[in-house]
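Visitor: Build the full structure now, drawing on both the sequences and the hints.
Residue numbers for the sequence shown, in the numbering used here: 34 to 626.
Do not rely on the hints blindly, as some may be mistaken.
Unchecked claim - Here are the computed lysine to any residue pairs in the SDA-like style, where the Cα-Cα straight-line distance is at most 25 angstroms:
| id | residue 1 | residue 2 |
| --- | --- | --- |
| 1 | LYS598 | ASN411 |
| 2 | LYS178 | ASN207 |
| 3 | LYS170 | GLY294 |
| 4 | LYS624 | HIS440 |
| 5 | LYS598 | THR615 |
| 6 | LYS178 | ASP139 |
| 7 | LYS624 | ASN571 |
| 8 | LYS452 | LYS624 |
| 9 | LYS170 | SER116 |
| 10 | LYS598 | ALA561 |
| 11 | LYS598 | LYS452 |
| 12 | LYS598 | THR529 |
| 13 | LYS624 | VAL385 |
| 14 | LYS598 | LEU532 |
| 15 | LYS624 | LEU518 |
| 16 | LYS170 | ALA295 |
| 17 | LYS452 | ALA426 |
| 18 | LYS595 | PHE381 |
| 19 | LYS598 | HIS440 |
| 20 | LYS452 | PRO393 |
| 21 | LYS624 | LEU392 |
| 22 | LYS178 | ASN411 |
| 23 | LYS452 | HIS440 |
| 24 | LYS178 | ASN261 |
| 25 | LYS624 | ALA426 |
| 26 | LYS170 | ILE404 |
| 27 | LYS624 | PHE381 |
| 28 | LYS595 | SER519 |
| 29 | LYS170 | VAL403 |
| 30 | LYS598 | GLY492 |
| 31 | LYS624 | GLU525 |
| 32 | LYS624 | ALA547 |
| 33 | LYS595 | ASN582 |
| 34 | LYS624 | PRO584 |
| 35 | LYS624 | SER606 |
Read the hints as simulated data drawn from the structure, not as lab findings.
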Amino acid sequence: MRPRAFFFLAICATCVSAHAQLRIATWNISFYSGGRVPDIQTTVFGAFEGRSMSPDVLLTQEILSTTAMNTFLGALNSAPGSSGTWAAGPFIDGNDTDGAIFYRSDRLTFEGATVVSTGGGAPLPPRNTVRYDVRLKGFLGVGPKVALYNCHMKSGSTSSDVSRRLAEAFAVRNNAQALTGFDGFAIAGDFNTPASSDDAYDKLIGSESNNAGRFYDPISTPGNWNNNSAFRYVHTQDPSANGGMDSRFDFLLLSNSLTNGAGFDYIGAFGVPYSTTSWNDMNHSYRAWGNDGTSYGQTLTVSGNAMVGSAIAQAIKNAATASGGHIPVFLDLRAPAELGVSTNTLDFGNVVQGSAASLPVMVTNTTDPVIWRTGIANLLYTLSSTAGFTAPAGTFTDPAGGVGNNHQISVDTSSLGPKSGTLTVAGEGSRAISLIANVIPDMIAPTSMSLSIANLVSGGILELASSDDQRVNWRNANWYTGGRLSPVAELEVVGTSSLQNPTSLTFELEASTAGSFSQEIRLYDFVASQFVLVSTTNSTPFDSTVVANAPNPARFVQAGTKQMKARVTLTPSSWSLGRVLTGGFDRAVWKPR
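Guide: Here it is in structure tokens:
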């Protein structure tokens, strides 16, 4: 589990209205048929000392009709400080009162509602439990998907009440256990559980043989909550009636994937119990909104309320109605990082054997910093490559909105031929990048040779492969014919290209002669079926290298066979030479690229 202290001061302590993480809230609005608009707006969007509930998704209980749901939605969209982007899920009319979901459509996409448990008379749970599926916006790929269970369990302490709560918890856990394709799940609502020993609560959070559907209390606060001042900072009921604030009935519980310290996760020190001495617990983003711990056994403190101030506290109290109700509860989740790479393929092309060859790949955290701003996890990732390629080792990080990291990926050029592999970038998910390279020889030596006009004195094909002063030596005593200077040596070589269609082709020749000779290099054009003059130079008594570039290089490589041909002709450039002429060819090679 990663250390979490670094985000407590930045996010948890302030709970500011400009929060950028995903805030989930639950609120039993108490037999809501409409009205209470100013109190709802102040409760949800009012600010005190920079603090505001201002959630991104709000799960409510005791909504009485579609009309009531729409009235509540209108209150959210018309409130001062609202984004004005609120939408509601479908109203599902079941037995007794009903739940509803309200969400910011600029941050979340609603993907569906499922009735998990159908309400009815005993022994059934009294009300429907509905699972709402939402997906986070602000991701280049498919954003994370979370299941939100909204429940209102049976109140009371009789055996029937306990068993009806347990039946609802069974249905929720079984449903969560079967989820696929989700990045996390949470349950919100009025549990009506007096203690953590209640069968329903234990069913939700208890360890079983299959814990895929297990929930966790992010503030790790078990105990006998009712009428117990030790839990006065987490009590949620009743802010307005005579009973006062003495019960923890309203909860937000999270899946393991949202509490494991990685990526999409609870902002807070999961596993650390909530403070028993302060409402402003720096270890947690979880809040019982409006409860500053001074209301135990009394109606909610209004004047001097240290958490929300008097205006918001009065609004919470009014919204609960004089008949009694609840205060909201919320917590924050950090949006996960999204792994982005600059390309899906790194194609090195043709690289020369023994050379250093590398290409860059950019890795970035692509979660939208405009939508989620600072409430985004840092991208942590590693690079690994298959044999034949090398990637930097270690763990790298990139914050949201960062410039990304540029990594050089290299290919092993020690052996010839085509190479392929995969670069895996593993972080929040993983990306596979195809690696392609073709290692070609530095030079292509001839596979055959012929020396005409002149006589071969020594050497052969091996001497043409490298620059080592081991030559193909020739001599010619018949250089003067017909009253003119004639060619005295002609070398023709044949080789096989490493590429069928090179983009450049050079022929390099090292030669020396005893005297001044005109040296002409011709390459064979397989399209025109003829040798083409590509270089005319003067030879010297010492080895000198001439580089001849082929125009339209692909024409000088035969289709299919990839054969190449070159012809070098030496002609005396002076009459003052000796009777016997000599020279040598040290190296004759091609370089297709």
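Visitor: Look at each hint and say if it fits the structure.
Guide: Results for each hint:
Only pairs whose Cα atoms come within 25 angstroms are accepted, and LYS598 paired with ASN411 is rejected, the gap being roughly 59 angstroms. A C-alpha spacing of about 19 angstroms is found between LYS178 and ASN207, which places the hinted pair at or below 25 angstroms, so the restraint holds. Proposed proximity of LYS170 and GLY294 is supported: the alpha carbons are some 21 angstroms apart, at most 25 angstroms. With a CA separation close to 30 angstroms, the supplied pair LYS624 and HIS440 exceeds the 25 angstroms bound.
At most 25 angstroms may separate the alpha-carbon atoms for a hinted pair to count; LYS598 and THR615 meet this at roughly 24 angstroms. For a cut-off of 25 angstroms, the pair hint linking LYS178 to ASP139 stands: about 15 angstroms separates their Cα positions. Between LYS624 and ASN571 the CA atoms are separated by roughly 22 angstroms; this keeps the pair inside 25 angstroms, and the hint holds. A hinted pair counts as satisfied when its Cα atoms are at most 25 angstroms apart, and LYS452 with LYS624 qualifies at roughly 20 angstroms.
Between LYS170 and SER116 the CA atoms are separated by roughly 15 angstroms; this keeps the pair inside 25 angstroms, and the hint holds. At most 25 angstroms may separate the alpha-carbon atoms for a hinted pair to count; LYS598 and ALA561 meet this at roughly 13 angstroms. With a C-alpha separation of about 28 angstroms, the suggested pair LYS598 and LYS452 falls outside the 25 angstroms cut-off, and the hint is violated. The hinted pair formed by LYS598 and THR529 meets the criterion: a straight-line CA distance of about 9 angstroms does not exceed 25 angstroms.
A distance of roughly 10 angstroms separates the Cα atoms of LYS624 and VAL385; the hinted pair therefore holds under the 25 angstroms criterion. Under the criterion of a C-alpha separation no larger than 25 angstroms, the hint pairing LYS598 with LEU532 is consistent with the structure, at around 15 angstroms. Proximity of LYS624 to LEU518 is assessed by CA-CA distance (about 33 angstroms); at most 25 angstroms being required, the pair is judged violated. For the proposed pair LYS170 and ALA295, the alpha carbon gap of about 19 angstroms is at most 25 angstroms, so the pair holds.
Simply put, LYS452 and ALA426 have alpha-carbon atoms about 21 angstroms apart, close enough for the 25 angstroms limit, and the pair holds. Distance check on the hinted pair: LYS595 and PHE381 sit about 22 angstroms apart at the alpha-carbon level, within 25 angstroms; holds. Restraint check for LYS598 and HIS440: the C-alpha separation of about 42 angstroms exceeds 25 angstroms, so the hint is violated. The straight-line distance between the Cα atoms of LYS452 and PRO393 is roughly 18 angstroms, inside the 25 angstroms bound, and the hint therefore holds.
Under the criterion of a C-alpha separation no larger than 25 angstroms, the hint pairing LYS624 with LEU392 is consistent with the structure, at around 23 angstroms. Taking the CA atoms of LYS178 and ASN411, the gap is near 19 angstroms; set against the 25 angstroms cutoff, the hint holds. Under the criterion of a C-alpha separation no larger than 25 angstroms, the hint pairing LYS452 with HIS440 is consistent with the structure, at around 20 angstroms. Proposed proximity of LYS178 and ASN261 is contradicted: the alpha carbons are some 37 angstroms apart, above 25 angstroms.
In summary, the hint linking LYS624 to ALA426 is not supported, as the alpha carbons are separated by about 35 angstroms, beyond the 25 angstroms threshold. With a C-alpha separation of about 8 angstroms, the suggested pair LYS170 and ILE404 falls inside the 25 angstroms cut-off, and the hint holds. For the proposed pair LYS624 and PHE381, the alpha carbon gap of about 18 angstroms is at most 25 angstroms, so the pair holds. The straight-line distance between the Cα atoms of LYS595 and SER519 is roughly 33 angstroms, outside the 25 angstroms bound, and the hint therefore fails.
Note on LYS170 and VAL403: the hinted pairing holds, with a Cα-Cα distance of about 11 angstroms set against a maximum of 25 angstroms. Simply put, LYS598 and GLY492 have alpha-carbon atoms about 20 angstroms apart, close enough for the 25 angstroms limit, and the pair holds. Restraint check: the Cα-Cα separation between LYS624 and GLU525 comes to about 17 angstroms, which is no more than 25 angstroms; the hinted pair holds. Using a Cα cut-off of 25 angstroms, the hinted pair LYS624 and ALA547 is violated, with the two alpha carbons roughly 28 angstroms apart.
Annotation: proposed proximity of LYS595 to ASN582 holds, straight-line Cα distance about 17 angstroms (limit 25 angstroms). In summary, the hint linking LYS624 to PRO584 is supported, as the alpha carbons are separated by about 14 angstroms, within the 25 angstroms threshold. Note on LYS624 and SER606: the hinted pairing is violated, with a Cα-Cα distance of about 29 angstroms set against a maximum of 25 angstroms.
Consistency with the previously given hints fails for numbers 1, 4, 11, 15, 19, 24, 25, 28, 32 and 35, ordered from lowest to highest.
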